[in-house]
Amino acid sequence: MDKNFLIQINNKIDKEIPNAFKMYVKLFTNALISSGKSNNTVVSYYLDIKTFFDYCSISEILSQEITDIRPIHINSYYTHLVSVRDNNSISIKRKKYVMKLFFDFLEEQNEINKNPIPKDSVIKAKIKNPYKAPTYLEIEEIKKINKAILDTNKNEFTKIRNLFIFNLLIHTGLRINEALNLDLSDFEQGINTNRLYVKGKGEKERYLPIELNSTFFQIYEEGFVYNFAERYFTLRNKTKTSNCALFISKRGDRLTSRYVQKNLQELRLSANLNKNVTPHKLRHTFATHLLKNGTNIRLVQELLGHSSISTTQIYTHSNSKDLDEAIKKFTIKY
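Counting with full-length UniProt numbering, you get residues 1 to 334 for the letters of the sequence shown.
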């Protein structure tokens, strides 16, 4: 258990949750941490629970006892998510899941006698903002981001490291935390065995084929081609840090996801792209291009570390060009 994270989340609860309900939220988040949920998952679940208590506060329907919360309050909150917060169907589905998990847990712990989560309504609501297929980067847009990295005024170490991270995410589909949690030894072992082992969600392990001399570690600049992964290792070895992390900051600390997210936004602007570029969009890009190139969806599922193939199927989106090409291929000759 990460004691520092436990202290941080408990401090947030003390500051942000009404006094009468702090104990219940702490019980819930502490149980999540003990069960091995990632820090990001715990924070995400906490924020969804906080959203409910925030709504109750502004709506003046919150009593001083959690046992006074009724299905009508929960349903009113769900309506608020649609009509006021304008949440899409995916966001609402997640919040409903977390709410049920929270109150099921309290019931299991005998903290409440009756679960206030309403049963499925006989009236099915039509939720606004239906799910949209994930956006991804086209090949030319990827090249523009690479060029933007090389054109920045940052020092060589920062440029090469950012180039390495961007292309690693694009070409492996790693989640940002999976990439940033890699140690130098993990990558060195991966290069030696051509298999990079990754610990994903729920502590599930998977491996990704990887080769140091692969073309995705190579960049062309001013008529020359060089391997930026090898260059990064050379520059990293010159740093005076004992940190075992693969990706480090100028101060020698493990790089944070916040830095990568901010850097991608800067690069998007520099490359003059209208699309929002995030680490998860790079994962979308990896999956989409594999499927567009004919890779079996089961293999894509395994590479992404998805438990269910239904999660992978969101990347099987088509555009008008894809459909035109498909029709052209079906030609009967007489």
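No lab work stands behind these hints: they were computed from the structure.
For every residue, glycine included, the Cβ atom is placed at its ideal position computed from N, Cα and C.
Treat each hint with caution, since some may be false.
[Stated by the list, open to error] Straight-line Cα separation of at most 20 Å, SDA-like style, residue types lysine to any residue; simulated pairs:
{"#": "1", "residue 1": "K250", "residue 2": "F157"}
{"#": "2", "residue 1": "K93", "residue 2": "E111"}
{"#": "3", "residue 1": "K250", "residue 2": "K100"}
{"#": "4", "residue 1": "K199", "residue 2": "T215"}
{"#": "5", "residue 1": "K281", "residue 2": "I309"}
{"#": "6", "residue 1": "K100", "residue 2": "T51"}
{"#": "7", "residue 1": "K281", "residue 2": "K100"}
{"#": "8", "residue 1": "K12", "residue 2": "K26"}
{"#": "9", "residue 1": "K262", "residue 2": "T241"}
[Claimed, not checked] Listed next, with one range per pair, are the computed distances between beta-carbon atoms:
{"#": "10", "residue 1": "S214", "residue 2": "D14", "range": "27 to 37 Å"}
{"#": "11", "residue 1": "N113", "residue 2": "T311", "range": "15 to 25 Å"}
{"#": "12", "residue 1": "S89", "residue 2": "T41", "range": "16 to 26 Å"}
Status of the hints after comparison with the structure:
1. K250 <-> F157: holds (8 Å)
2. K93 <-> E111: violated (25 Å)
3. K250 <-> K100: The hint is violated at about 44 Å.
4. K199 <-> T215: Distance of about 25 Å is beyond 20 Å: violated.
5. K281 <-> I309: holds (19 Å)
6. K100 <-> T51: holds (14 Å)
7. K281 <-> K100: Between K281 and K100 the Cα gap is close to 29 Å, so the pair fails against 20 Å, i.e. violated.
8. K12 <-> K26: The given pair, whose Cα atoms are some 10 Å apart, holds under the 20 Å limit.
9. K262 <-> T241: Violated, because 24 Å separates the two Cα atoms, which is more than 20 Å.
10. S214 <-> D14: 27 to 37 Å: violated (49 Å)
11. N113 <-> T311: 15 to 25 Å: Check failed, 36 Å falls outside 15 to 25 Å.
12. S89 <-> T41: 16 to 26 Å: Taking Cβ atoms as reference, S89 and T41 lie about 20 Å apart, which means the hint holds.
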